[in-house]
Amino acid sequence: MITEIATIRIDPAQADAFEAAVAKAAPFFESAKGCHSMSLEAVIETPGVYNLRVLWETVEHHTELFRSSENFKQWRALAGPFFIEPPMVVHGETVKQYF
1 MITEIATIRI DPAQADAFEA AVAKAAPFFE SAKGCHSMSL EAVIETPGVY NLRVLWETVE
61 HHTELFRSSE NFKQWRALAG PFFIEPPMVV HGETVKQYF
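Each residue of the sequence shown is one higher than the one before, counting from 1 in the working numbering.
Derived by calculation from the structure, the hints in this document are not laboratory data. All residues carry an ideal CB built from backbone N, CA and C; glycine is no exception.
Here are the computed distance ranges between Cβ atoms for each label pair:
#1 GLN74 x TYR98: 34 to 40 Å
#2 SER31 x PRO81: 19 to 25 Å
#3 ALA77 x TYR98: 36 to 42 Å
#4 SER69 x ALA23: 15 to 21 Å
#5 VAL49 x ALA26: 16 to 22 Å
#6 ARG76 x PRO47: 18 to 24 Å
#7 PRO47 x VAL95: 29 to 35 Å
#8 PRO47 x GLU70: 30 to 36 Å
#9 THR46 x LYS73: 25 to 31 Å
#10 ILE84 x GLU64: 25 to 31 Å
#11 ALA20 x GLU93: 29 to 35 Å
#12 HIS91 x GLU30: 15 to 21 Å
Sequences are here, hints too, so could you generate the full structure?
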């Protein structure tokens, strides 16, 4: 499994509306091939910064299948207007689970 971590910056005054937009977009991730989970975390130290975490079977499920899909377009239509800058996206793979 691969974890996509997208760091998203928004206007802190728009936090409630952004969180509602992400909730509305969750079904687009849920129905995406190879997507196993999605969560949104607010960064405590920096208001207006969020980490979107998505668990994918492979990087390609995210970068090739999802990014070229109608689901991605609908996600960006809902959440994209809140972005101050393009999200910073990285992919990670668990090396060892300790507890």
